[in-house]
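Novice: Protein sequences appear in the order of chains A and B.
Going by my numbering, the letters in the first sequence line up with residues 1 to 280, in that order.
Going by my numbering, the letters in the second sequence line up with residues 281 to 456, in that order.
Read the hints as simulated data drawn from the structure, not as lab findings.
Mixed in with the good hints, there may be bad ones.
[Stated by the list, open to error] EDC-like mimics (lysine to aspartate or glutamate), calculated; alpha carbons at most 20 Å apart, straight line:
(1) K230/A <-> E173/A
(2) K318/B <-> E50/A
(3) K284/B <-> D219/A
(4) K46/A <-> E419/B
(5) K162/A <-> D104/A
(6) K284/B <-> E62/A
(7) K283/B <-> D279/A
(8) K46/A <-> D301/B
(9) K283/B <-> E210/A
(10) K351/B <-> D113/A
(11) K283/B <-> E388/B
(12) K351/B <-> D104/A
Just so it is clear, the structure is predicted and the values come from calculations on it, not from any experiment.
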Amino acid sequence: MRIISSETIEQAVYELAHRACLRLTPSCLRALHAAADAEPADSAAKFAYETLLQNAQTAAMENMAICQDTGYAVLLAEIGQDVRIEGKWLQTAVNDAVARAYHDFHFRKSVCDPITRVNTADNTPAALHTELVPGDRIRLAFLPKGFGSENMSRLYMLTPAKGVEGIVEAIVETVRQAGSKPCPPVVCGVGIGGTFDTCAFLAKKALTREIGSHNEREDVAAIEREALDKINALGIGAQGFGGNITALGVLCETAPTHIAGLPVAINIQCHCMRCEKIDL
Amino acid sequence: MPKKIALPLTEGSVENLRAGDSVLLSGTLLTGRDCAHKRICEILDRGEALPFALQGQTIYYAGPCPAPQGKACGSCGPTTSARMDSFAPRLLRLGLKGMIGKGERSEEVCNAIVREHAVYFAAIGGAGATYGNSILYSEIIAFPDLLSEAVYRFTVQDFPCIVAIDCKGGNIYRRS
């Protein structure tokens, strides 16, 4: 049994939140440079990429949030079952870290009651997803999730007969319907299989992967490649201005499902992909 | 080269803007997003006067990050305009001249832009630090209880946008 104090976790989440809101993931920055190179000079898409790459530099130099939508604070925590957390309740420690970071670093508080729309004023609660795993480590991934893209996400309960073709069609159709609204070029986190709820979680978890990485299953990696090609053929382009690149990546994760179903969840992420990780 | 455009807009400057033009906006604008729009329309429904004039103004669909020490405003890029589509024709009828946001608009909004001789600019979504830095002055002029969703008046300089829908109906999101 290894003991980890809630203070250690709180401090880690505080630092992850700070870093995440200030910078793109390195794989996202590389993908944006490559996308900019794929668009003709003097196109509106090129103008968008130049503005975004300049913005990334400005955010780093001036310690400003890279996007004003510093998001709903999503924390994925893999907790080794040989760890004992001492101190605060984990959700409280995470909320306290988020409230302090969003206050101290001037990030926007974007969380409100769903009915009254009254803002909670400190960006809490965080969406904390815990998974019990073997071992005595804690692995944290912090994603500030903007809602322009979250709003364009979908979950399909396909029939098994739809198969791979249906999965690819669901991904491409989600991006087509989203059009210019989610800040394309997007990244698609895709959950395939599981149940209604675990499928949506897989889609979110897929967004912690590097852009450009592929699922280790060759048949799943083939779905990622086919969906990406078909999305880029849509021509939506950066910001919906038209162009060759509409998605930077499609990241699929799978889980066994029921013999009667084929759940597919598509969690849309804007080009401002922010994700910071740490192992404790 | 981007065209330099002064805010508030004039009939003449709107007339000459075409979808696809890149522009740098300088001058004053108001912010407003979901909750502020709802409240504006509730005030109008009650037949009361708005706490600010809309005539000739430009509304930026945005909710800023708080201002760090020494800055007028924090990060402040555009939000998705489509969520304001149900309100926009009414505000255009009251004299709103410009809108700034990101993403396509409904048929009703496109028609209202032409009918009311207005313009819709697309700011680059995600470029919050760049836009925050181009804001020289910021004050809340209505609904402070809405926090980042309050109505702010900004003075901006060289605020980069693309003309997305122009007063003749040109539309960057409609490509054949």
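Novice: Checking each numbered hint in turn, tell me which of them this model violates, lowest number first.
Specialist: Going through the list in order, the structure violates hints 2, 3, 4, 5, 6, 7, 9, 10, 11 and respects the others.
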